[in-house]
Amino acid sequence: MKRISLVLAACALSAACSPHQAEAPAAAPEAAARTDAHGDMGGGMAAAAPGDSVATQGYKSSMTTMMAQMPAFTGDADIDFMKQMRGHHVAAISMARVELAQGKDAEARGLAQEVITAQEREITLIDAWLTQKGAAAAPAA
Numbered sequence: 015m016k017r018i019s020l021v022l023a024a025c026a027l028s029a030a031c032s033p034h035q036a037e038a039p040a041a042a043p044e045a046a047a048r049t050d051a052h053g054d055m056g057g058g059m060a061a062a063a064p065g066d067s068v069a070t071q072g073y074k075s076s077m078t079t080m081m082a083q084m085p086a087f088t089g090d091a092d093i094d095f096m097k098q099m100r101g102h103h104v105a106a107i108s109m110a111r112v113e114l115a116q117g118k119d120a121e122a123r124g125l126a127q128e129v130i131t132a133q134e135r136e137i138t139l140i141d142a143w144l145t146q147k148g149a150a151a152a153p154a155a
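So the sequence shown is numbered by our numbering: it starts at 15 and just counts up by one.
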């Protein structure tokens with residue numbers, strides 16, 4: 015049950031961090047220039063900073079890559095869900111690979127492997143669905 019809760023929490027966090035929220039107002043230009051001492055623009059995602067661990071660099075890279083590669087919304091709820099979810103799954107796999115490479119805790123590493131297995135399977139399903147619907151899937155990461 016702990017693992018399911020962790021996965022659901024990660025999905026909720028990823029969804030909350032998506033730059034493509036349908037009703038969100040555009041940020042003021044001056045807001046984009048505001049960053050903290052580590053280059054963080056308020057969302058917890060930033061370029062690697064001096065002193066970041068290898069793991070932190072990997073996690074930041076996973077998240078910023080996801081944000082940069084998210085497809086634009088089409089207005090079709092089903093296609094948008096599948097495309098956006100695919101992007102989140104690719105980022106989850108990237109983060110899980112960082113855990114496997116850098117993590118020490120057996121339970122965390124076990125969850126990371128489960129995430130990879132589940133998310134790869136779901137990406138395959140999403141890609142097949144998108145192909146069936148005539149919607150181009152995002153490039154594989």
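Worth flagging that the hints you see were computed from the coordinates, not collected in a lab. The reader is advised that the hints may include incorrect statements.
[Said to hold, decoys possible] Computed list of lysine to aspartate or glutamate pairs in EDC-like fashion (alpha-carbon distance at most 20 Å, straight line):
no., residue 1, residue 2
1, Lys147, Asp92
2, Lys147, Asp66
3, Lys118, Asp66
4, Lys147, Asp90
5, Lys118, Glu134
6, Lys147, Glu136
[As the list claims (entries may be wrong)] Pair by pair, the computed Cβ-Cβ distance ranges are:
no., residue 1, residue 2, range
7, Glu134, Thr78, 15 to 25 Å
8, Gly124, Ser67, 13 to 23 Å
9, Glu134, Ala86, 16 to 26 Å
Quick caveat, the model's predicted, so the values are computed rather than measured. The C-beta atom is built at its ideal place from N, Cα and C for all residues, glycine as well.
Hint check for Ser67 and Gly124 - Cβ pair distance inside 13 to 23 Å:
Hint holds: Cβ distance 21 Å, inside 13 to 23 Å.
Open item on the list: Hint check: Lys147 vs Asp92, CA-CA at most 20 Å. Holds or violated?
Closed with: holds (10 Å)
Is 16 to 26 Å respected by the C-beta to C-beta distance linking Glu134 and Ala86?
With a Cβ separation near 25 Å, Glu134 and Ala86 satisfy 16 to 26 Å, so the hint holds.
Item to check | Pair hint outcome, Lys147 versus Asp66 [Cα-Cα no greater than 20 Å] | outcome: Since the Cα atoms of Lys147 and Asp66 sit roughly 42 Å apart, the hinted pair is violated (cutoff 20 Å).
- Proposed proximity, Glu136 with Lys147 (alpha carbon, max 20 Å): holds (16 Å)
Satisfaction of hint between Asp90 and Lys147, Cα-Cα up to 20 Å: Distance of about 11 Å is within 20 Å: holds.
* Asked: Straight-line Cα separation of Lys118 and Glu134 no greater than 20 Å?
  -> Outside the cut-off at roughly 23 Å; violated.
Taking the Cβ atom of Glu134 and the Cβ atom of Thr78, is their distance within the range 15 to 25 Å?
About 22 Å separates the Cβ atoms of Glu134 and Thr78, which means 15 to 25 Å holds.
_Hint consistency between Lys118 and Asp66 [alpha-carbon to alpha-carbon, up to 20 Å]_ = holds (18 Å)
Going down the numbered hints, you'll see the structure goes against 2 and 5, while the others check out.
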